[in-house]
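**Student:** Respectively, the protein sequence lines represent chains A and B.
The first sequence begins at 1 in this note's numbering and counts up one residue at a time.
The second sequence begins at 1001 in this note's numbering and counts up one residue at a time.
FYI, nobody ran anything at the bench for these hints, they're computed from the structure.
Dumping the calculated PhoX-like pairs for lysine-lysine here, alpha-carbon to alpha-carbon at most 25 Å:
(1) B/LYS1236 / A/LYS46
(2) B/LYS1231 / A/LYS46
(3) A/LYS157 / B/LYS1031
(4) B/LYS1031 / A/LYS113
(5) A/LYS16 / B/LYS1236
(6) A/LYS69 / A/LYS46
(7) B/LYS1031 / A/LYS172
(8) A/LYS251 / B/LYS1031
(9) B/LYS1192 / B/LYS1204
(10) A/LYS73 / B/LYS1231
(11) A/LYS12 / B/LYS1236
(12) B/LYS1236 / A/LYS13
(13) B/LYS1231 / A/LYS75
Covered by chain B, per the in silico footprint, the following chain A stretches (three or more residues, Cβ under 8 Å):
(14) 40-48
(15) 228-239
Predicted model, so just to flag it, every value in this text is computed and none were measured.
Even glycine gets a Cβ: it sits at the ideal position worked out from N, Cα and C.
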Amino acid sequence: MTAMKTIEENLKKEAKQLLESGEVAVVIAYGRGFDENHPMPCAITKAEESEGLVFNEYCTFNLARYLPKYPPKTKIAIAVKAADSRAVVQLIQEEKVRKEDLVLLGIPVTGMKDQKTGEVIDNRTTCNLANPVIHDILLGEEIHGFKGGSPYDVLAKLEAMSEDERWAFWKKEFERCTRCFACRKACPMCYCDPCFMDASRPRWADKSPTPDGHLMYHLTRFYHLAGRCVDCGECSRACPVDIPLYLFHKKVAKECEALFQQSAGMKIEDKPAMVNYGNQDSDEMLK
Amino acid sequence: MLKKIALEKVGDLVSALMGKGPLYAPVRGEKAVDFQEIRNPADVTLDFYNTAMSPKSVFFPQSEDMIRYKLGKEAMETEPVPIDTKPSVILGVRPCDAKSFEIMDRHFLGAGVIDPYWKDKREKTTVIGYAFDPSVPPDPADFYNTLGIGAFDTAGSDIFMIRADKELLLKGITEKGDRLLKDLAILEAGSKADEKVFADLSKKGGEVKTRFMDLKDDAVARKLVDVFGNKEFWEKVTAACISCGACTFVCPTCYCFDIADETLFRDGVRKRFWDACMFTDFTLEASGHNPRPRTFQRYRQKVCHKYSYHVDKYGCISCVGCGRCTRSCPVNIDIFSVVQSAMKQ
Chain A
1 MTAMKTIEEN LKKEAKQLLE SGEVAVVIAY GRGFDENHPM PCAITKAEES
51 EGLVFNEYCT FNLARYLPKY PPKTKIAIAV KAADSRAVVQ LIQEEKVRKE
101 DLVLLGIPVT GMKDQKTGEV IDNRTTCNLA NPVIHDILLG EEIHGFKGGS
151 PYDVLAKLEA MSEDERWAFW KKEFERCTRC FACRKACPMC YCDPCFMDAS
201 RPRWADKSPT PDGHLMYHLT RFYHLAGRCV DCGECSRACP VDIPLYLFHK
251 KVAKECEALF QQSAGMKIED KPAMVNYGNQ DSDEMLK
Chain B
1001 MLKKIALEKV GDLVSALMGK GPLYAPVRGE KAVDFQEIRN PADVTLDFYN
1051 TAMSPKSVFF PQSEDMIRYK LGKEAMETEP VPIDTKPSVI LGVRPCDAKS
1101 FEIMDRHFLG AGVIDPYWKD KREKTTVIGY AFDPSVPPDP ADFYNTLGIG
1151 AFDTAGSDIF MIRADKELLL KGITEKGDRL LKDLAILEAG SKADEKVFAD
1201 LSKKGGEVKT RFMDLKDDAV ARKLVDVFGN KEFWEKVTAA CISCGACTFV
1251 CPTCYCFDIA DETLFRDGVR KRFWDACMFT DFTLEASGHN PRPRTFQRYR
1301 QKVCHKYSYH VDKYGCISCV GCGRCTRSCP VNIDIFSVVQ SAMKQ
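Pulled out of the complex, with its shape left as it was, chain A reads as follows:
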């Protein structure tokens, strides 16, 4: 694997060149936060700002969530790790961005770290791919032979539970929810405007933080992300009270893959599983 410092140098170099040549109007990447261990997502528009870009093991953010806010046809370069690139692909499938407006700066990397715990982020909380699924420019060498285990291994415990136990598990987890909405705001696929939770007529869930409202919010969000969640784990990392949202997303993704033989955000040519009908689609869920 290319050293992170080298990736950072390549990121600066490519960003500078892309902005200088006018090929893109903005580069979405990582900048310095209040110290080295706390980088921040940043968007630069001037070539000289590229010196301020950084890349280290704490650059976990999925930058794809910033893409839909730009006016259509803005030329954008964006740094993408594996899961981030899947989010970009999914956004292209959903026609929120166009491939021809994007320059993907691919980052093959493993061993990113959760800045709250310092733990390595792996297949337990993400899709755990090492290489971006698409890229225009690679900022490091492709990684071969990385075996990190299935992203669905972590579900074993949940799947072994009885229905009642699972219900109890989730009810208990959601009790902690503060309704700060960091999960939906960090999610690259949560771009609905307005989100159903913000609609007032009709109101779909209590505005106050009631347990029923928490269930309404999270379950609806989980299902709205069926076949769309790219398993980047951002929702769970964003959660200030550490609700393991990734578990539910992984379960839904696993079932979607079994039913439709398609993972979210892997190929630009795919159509989102939930909007595409094929004769070969499984009828399993109707039985």
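Dock chain B against the given chain A, drawing on the hints supplied.
**Tutor:** Coordinates of chain B only, in the frame set by chain A:
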């Protein structure tokens, strides 16, 4: 009044406090430590840096019922929810958080309109503050020194607790605190030597250095008014902001709330619950107009409210530098750095 108890007897102290009424204290969850009402004395931990959520929910719960009502064909039956807090104790509040209660008092009690919900809980709750451990380096996000708060400051506490080698020293700060200390038979009286240990440790608290900048309340309040119109500045510092409410919900001094009537069939409750200026619908008007549609406007409101408008209205900055907003921000926006760069504009 100074009292003490051996560290291995903390469980007994907790039980004794539980005998006085509801006790709120830090409990270790799967990943973080947070204040909870204690049911089992063994749940309490005093080995923690600071809680993930602030202790404000003891006085200002995230959701609070105000009126219950029944919708009838003609008239509506309504009944105010009685305000009757039992005398309670909150144990293990860090100095920056204890200070936050005093700041919130200015808003809830000192602004002309007295908030009966806050007032009742504040009056009936005894706050046991807990010094930061000087042997543990402060979290890099903390900046309570900037707000004039030290690791051993007693402001806002009724009783202040310091951990010495093998015992906890508890000093009465207010009358309310002294009363509780006197009531706790489990505690031993502190000797002259203990007084000295307490004083020496307190001095050591000054050696705990968090991030610091020299900030005068009036100067920052004026400066932010000057910087208010600098759209480029605010867009730059909030470029990463995802406009969630994590920072305001973990904040010990954010007090904005919403009120809603929630009716199921014919039974309804009017309640108030935390709201956040970072939410898009916070300022959304019935007409559909939103005076703060952009993220930078919402974040600017948050910073200016805390560091400028609050100074004008209540005479102090509404921030205690506990670092929670920075720690919980999914994209590492740091209010200290934002204020620092605003001062340089």
